[in-house]
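Visitor: Could you slot chain B onto chain A? The hints should help.
Protein chains: 2
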Amino acid sequence: MTKSALQIARAAYQPKLPKALTGVVAVKEGEPTQSVADQEAIEKLFPNTYGMPLIQFVEGQAQNVAEMNVGVILSGGQAPGGHNVISGLFDGIKKLNPNNKLYGFILGPGGLVDHNYKELTADIIDEYRNTGGFDIIGSGRTKLEKEEQFEKGYEILKELGIKALVIIGGDDSNTNACVLAEYYAAKNYGIQVIGCPKTIDGDLKNEMIETSFGFDTACKTYSEVIGNIERDCNSARKYWHFIKLMGRSASHIALECALQTQPNICIISEEVEANNMSLDDVVTYIAKAVADRAAAGNNFGTVLIPEGLIEFIPAMKGLIAELNDFLAANSEEFSSIEANKQREYIISKLSAENSAIYASLPEGVARQLSLDRDPHGNVQVSLIETEKLLSEMVGKKLAAWKAEGKYVGKFSAQHHFFGYEGRCAAPSNFDADYCYSLGYTASLLIASGKTGYMSSVRNTTAPAAEWIAGGVPITMMMNMERRHGEMKPVIQKALVKLDGAPFKKFAANREAWAKETAYVYPGPIQYFGPSEVCDEPTKTLQLEQAK
Amino acid sequence: MTKSALQIARAAYQPKLPKALTGVVAVKEGEPTQSVADQEAIEKLFPNTYGMPLIQFVEGQAQNVAEMNVGVILSGGQAPGGHNVISGLFDGIKKLNPNNKLYGFILGPGGLVDHNYKELTADIIDEYRNTGGFDIIGSGRTKLEKEEQFEKGYEILKELGIKALVIIGGDDSNTNACVLAEYYAAKNYGIQVIGCPKTIDGDLKNEMIETSFGFDTACKTYSEVIGNIERDCNSARKYWHFIKLMGRSASHIALECALQTQPNICIISEEVEANNMSLDDVVTYIAKAVADRAAAGNNFGTVLIPEGLIEFIPAMKGLIAELNDFLAANSEEFSSIEANKQREYIISKLSAENSAIYASLPEGVARQLSLDRDPHGNVQVSLIETEKLLSEMVGKKLAAWKAEGKYVGKFSAQHHFFGYEGRCAAPSNFDADYCYSLGYTASLLIASGKTGYMSSVRNTTAPAAEWIAGGVPITMMMNMERRHGEMKPVIQKALVKLDGAPFKKFAANREAWAKETAYVYPGPIQYFGPSEVCDEPTKTLQLEQAK
Chain A
1 MTKSALQIAR
11 AAYQPKLPKA
21 LTGVVAVKEG
31 EPTQSVADQE
41 AIEKLFPNTY
51 GMPLIQFVEG
61 QAQNVAEMNV
71 GVILSGGQAP
81 GGHNVISGLF
91 DGIKKLNPNN
101 KLYGFILGPG
111 GLVDHNYKEL
121 TADIIDEYRN
131 TGGFDIIGSG
141 RTKLEKEEQF
151 EKGYEILKEL
161 GIKALVIIGG
171 DDSNTNACVL
181 AEYYAAKNYG
191 IQVIGCPKTI
201 DGDLKNEMIE
211 TSFGFDTACK
221 TYSEVIGNIE
231 RDCNSARKYW
241 HFIKLMGRSA
251 SHIALECALQ
261 TQPNICIISE
271 EVEANNMSLD
281 DVVTYIAKAV
291 ADRAAAGNNF
301 GTVLIPEGLI
311 EFIPAMKGLI
321 AELNDFLAAN
331 SEEFSSIEAN
341 KQREYIISKL
351 SAENSAIYAS
361 LPEGVARQLS
371 LDRDPHGNVQ
381 VSLIETEKLL
391 SEMVGKKLAA
401 WKAEGKYVGK
411 FSAQHHFFGY
421 EGRCAAPSNF
431 DADYCYSLGY
441 TASLLIASGK
451 TGYMSSVRNT
461 TAPAAEWIAG
471 GVPITMMMNM
481 ERRHGEMKPV
491 IQKALVKLDG
501 APFKKFAANR
511 EAWAKETAYV
521 YPGPIQYFGP
531 SEVCDEPTKT
541 LQLEQAK
Chain B
1 MTKSALQIAR
11 AAYQPKLPKA
21 LTGVVAVKEG
31 EPTQSVADQE
41 AIEKLFPNTY
51 GMPLIQFVEG
61 QAQNVAEMNV
71 GVILSGGQAP
81 GGHNVISGLF
91 DGIKKLNPNN
101 KLYGFILGPG
111 GLVDHNYKEL
121 TADIIDEYRN
131 TGGFDIIGSG
141 RTKLEKEEQF
151 EKGYEILKEL
161 GIKALVIIGG
171 DDSNTNACVL
181 AEYYAAKNYG
191 IQVIGCPKTI
201 DGDLKNEMIE
211 TSFGFDTACK
221 TYSEVIGNIE
231 RDCNSARKYW
241 HFIKLMGRSA
251 SHIALECALQ
261 TQPNICIISE
271 EVEANNMSLD
281 DVVTYIAKAV
291 ADRAAAGNNF
301 GTVLIPEGLI
311 EFIPAMKGLI
321 AELNDFLAAN
331 SEEFSSIEAN
341 KQREYIISKL
351 SAENSAIYAS
361 LPEGVARQLS
371 LDRDPHGNVQ
381 VSLIETEKLL
391 SEMVGKKLAA
401 WKAEGKYVGK
411 FSAQHHFFGY
421 EGRCAAPSNF
431 DADYCYSLGY
441 TASLLIASGK
451 TGYMSSVRNT
461 TAPAAEWIAG
471 GVPITMMMNM
481 ERRHGEMKPV
491 IQKALVKLDG
501 APFKKFAANR
511 EAWAKETAYV
521 YPGPIQYFGP
531 SEVCDEPTKT
541 LQLEQAK
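Here the protein sequences come in this chain order: A and B. No gaps in the numbering here: position 353 of the first sequence is 353 in my numbering, and each next residue is one more. No gaps in the numbering here: position 25 of the second sequence is 25 in my numbering, and each next residue is one more.
Since the hints were made in silico from the structure, they are not lab data. Heads up, none of these hints are tricks.
Distance condition first, Cα-Cα at most 35 Å in a straight line; then the derived DSBU-like pairs of lysine-lysine:
(1) B:238 x A:118
(2) B:388 x A:349
(3) B:410 x A:146
(4) B:388 x B:410
(5) B:410 x A:152
(6) B:493 x B:288
(7) A:497 x A:28
(8) A:397 x B:388
(9) A:397 x B:341
(10) A:388 x B:396
(11) B:3 x A:539
(12) A:497 x A:146
(13) A:539 x B:16
(14) B:349 x A:388
(15) B:406 x A:143
(16) A:143 x B:402
(17) B:146 x A:238
(18) A:238 x B:317
(19) B:238 x A:152
(20) A:497 x B:3
(21) A:410 x B:341
(22) B:101 x B:143
(23) A:341 x B:396
(24) B:388 x A:3
(25) B:406 x A:118
(26) B:118 x A:238
(27) A:94 x A:3
(28) B:118 x A:406
All of these numbers come straight from a predicted model, not from anything done at the bench.
Chain A with its partners taken away, still in its complex shape (with noise of 0.2 Å):
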C-alpha cells in the first residue's frame, strides 16, 4: 500500500489522554438521573436503563478484570477520527488484559445482523492510527431497531464471546443503541452496549456531550477552503461566491465556518425559521448586501449556506407538502401534460400562495420539485442546488433594482459545495485525541459492567489532559418525538440556539463583515506546529464552553 509522507508521519502521533485515564482507573457514580423530557414515558419504555448515574473515572486502584471481548460498529455517514475511537477502544481493553479481543462488523449495523465481521488485531488498528474515513471496517445505514435483528446479533454476539458491543453514530444510531442495550438488558443476555457521539454536523451534543467527533475536522477542512475562495475573491475582484456546506438539518456547520472565515454573508436556517422569512425573504437579505457592496466599489463577496436552508423556509415547507398531496393524487395526469407546459399546469393548479411561490422559482428548480421524485414519490429536498437557486434568484432581483435605477454594480456568481471533501479528512489533534479518549473511555465502561451509556469526555476546551471521561445514560438525553406518524423516544437534535453564544457572536459581527472585506484565512489543519495553531477548538466550541 502506497502511503503519503503525511500518512507515514502521522501515523506516528500518539493521542493525548485525559490524565485520569492514564493510570489505573476508579469508578465515580454521581446521582441518579432523569430524561430531558417526557421522563413518565421513557422511563417506561427502558425500565432497565432509565434513571442510571452519571460516571466519571478518576484514578484508582489496581484491579483484575476477567478476559472480554469486545464488537464495534462504525453507523452512518463518515466523520474525522472513527478510526482514533476504535483505536482507543482497541488499546484501553488490551490495557485491561492482553488476551481481550476486538470484533469489528463490517459496513455497519448490518454487518452484525448478516454476521459480517473481522477481528481487528494490532496489525490492523497500527494501520489506521490517525487517519480519516471509516474503511478500517466500512460503514451504513441499515438502522436496528427491529427484535428480529436483535436476536440475529445477539447469535453472534454469543458465538464470540462479545460482552459488549460499541455503536458509534450520529443521534438516531445512538438512540438505538439503547433500545438494544434495554433489549439485551430486558432478556438478561449478559451483553453492554455502548455509544460513541459521532457526527460532522455538530447537532449531537447536550449539556454532558459538549460536541460530536468529525465536526472540528470536518469544520476546518471547510474553512481551509473556504478561506482560499475568499482571497481569491479578494485578490480578482469580480465573482460573488455562493458556497454551499453539508449538513441536513442544523447549520452548526455553517455557522462555526463563518466565524472562523468571517465571510460577507451566511444564512442560518433555524434563524430563516424563526423569523418565518420566505425565500424573497432570503433573496432579498442577500441582494441587498450585494448592492451594497457595490455602491462601495466591491463587486466580490461570499456566501456561506446550509445544505438544508430550503427545508427550513415555512412557506417552501408548505409548497412543498401541496406538491406531494398534489401530485399524488394527479400524478396520472400530471404525467400526461406536455414537458413545457407541465410549470404552467402546476401553477394553474395550486393554492394562489404556493402558486406564486412556484412561479417566482428559477425553471431548473421548479422542474426538480415537479420531475425529480424519490420512491415514495416525494420531492427530494437534498437533490436541489440551493446555491445556484439563491444565486440565480439575487441575479433577477438585481436587475430587476437596476431597472429602476436602485442598484449599480456587476454581479457574477460561483459555485461551490462542499461536503465529501471534509468528512474523512485525517482528524485534527482535537479530534484525533477527542476520539481516541471516547474509545479508550468505552472500554472503561465496558470494564465496569455499565450498558445504555454514552461515552462522555468533557472540559474540551482545557489542554487535553484535564478532560473529564465518564458516562452518560443515554436515556437522560431522550425524549419523545414524533416520527413517522409514531411517537418514539429519541436523543434529542441540537440546532443552532439563536440565543447561543456563537450565534450571539456572528449576529454582533455580520452587519461589519457584510459591509468591510474582513476575511480570515485559516489555511490547512497543521499537525506538528506551535499549539496554538494545531490544538485549537471550533469557535462554537470555545464560545459555548466560555463561563
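Guide: Positioned in the frame of chain A, the structure of chain B alone reads:
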C-alpha cells in the same frame, strides 16, 4: 484585521534562499542563446533582446549599486506564492541599497497604463509574507500589447524614477514583458523589464524553467481534497466521484493529482487528442472501468477530469466549429424555433457526422452548446460541466450494457470541480522558497542591468541551498504561432508530453489503479513538520528532473 493562528505563525517563516544569493553576488554569463524555433523571425522582431547569454549568479565580491526604484505587476490568474515573489524582490533591492523603493501597480497591467500604484513599504510587505492570494496589489487581465500602453506606462515609470519593471505572469504575460523590454530598449528609455514564471496550470516550463510557481501548492491543495473524497469513497463504497480540475489547456494538474492520489481513472487531454479519441471513446473507457470494478463487487471509484478536455477531443472541436459557423449564419431562423424543437432543428441541419455527435449529447449540454454563447456568438466551452456530461453518458452506456447482460452493478455519481480552492492557498514551503528566490533573483537581474530576462531558479529538487539562480533571455523560449489569424512571437506552451516521465509513470500504473483501490491520501499541506512531509516537491518535478 483578524488573523487565524496559522496566518500569525506562518508570517514568521523565513524562506530559504539558494546559498549563492545569501552573500555578495557576482554574474556569470554563458554563451549567447537562440530561440527554440523560428530563430530568424524572432531575432528580427527582437533586435535588442535576442541572443543574450544565460545568466547565473555565483558568490562574488561587494560592489556599489546606485539607488534605484523598481515597479512590480501581478498579471492574470492568482497563484500561490505571488506575495513571496514580491517580498523576495523587496528584500533583494533593500539589501542592495536601503534607499531603493518598490512600487506596485494596482489590479494588474492596467495599473501601469492607468497610473494606479502604491509604494510597497516594509510594513505592507510584512503583512503579506508567506500568504496566498494576490491581494497585496491585486491582479488583472489587461494585455500590454500596444505602443500607446507602453508609452503611458513609460510616463509613470519615468515620473517615479523606476529603473526596472518586474512582471509576474504566465506565458502570455511574459511574452508581453519581452515585447515591452524590446520596445523600451529600442527607444533607449533606460527601463528594464524582467519576467517571473507564474501559473498553477504548470504549462510555463522548459529546459531553463523547471516549473512555474503556484503549481506545487495548488496541486497539493487539490490532492488533499481528492484524497479526502477517495477515503470517503472507499468507506461508503457506493459512489463514483467525478472530479474536474482547473486547467484550460494542459492536463498537468490532473496528471500531478493522479500521481499524488492514485485514483481509479484520470483522463489526460493530450492523450485523448493524440489518439484521436471521440467523446464516445472516452465514455466507453470510463464505463469499461466501472463495469470491471462492479464485476469485482466494487461499485465505487474516483475519476479525475481536466477542465479543458472537451477542446482536446478532435470530433468535439469539429462539432463546435460547425455549430459556431452554422448559428452565426442562421441566427435569425434559429431564434424563431420553439425552445423544445431547437434540438431537432440543429440535428437536421448539421453534417451527418456532427449531427450524430450532437444527438448523443445529454439534453442539458446540447442546450448549452446551442444557447449559451459569448458576445462573439461562440460556444462557451468553459461553461460545460464536463464532469456531469461524462457521468451522465457513462450512466447511459452502463444502462445499455445492463440491458444486454454485459454489466451487473449499481452506478451512482457525485460531482466536484476544484479550481478557486487552490489558486490562493497559502504557499507550501516549496512555493514560499521558490517564489522568494525568484523575486530575489529578479532584484539581482535588475542590479546587473539586464532586460528581457525571466528570473530563473533551477535544480529545484535539491535542497534550496543548492538551487541555481540566474536569468534566461525570454526570446530563448519563443517560437512563432498563429494567434487570431496572425503569426506572433510567443513563449511555447508546455503541454503534457506523452513520452515524458510523469505521464509514463502514470500510464504504467493506471491499469492497476483502475482495478485495485490503491488510493493515497496526501492530507493537508504541512508547514512545520518533518522535511519529508513539508518540503517535498511535486511528483511531476521529481520525475522530470530525475536524471
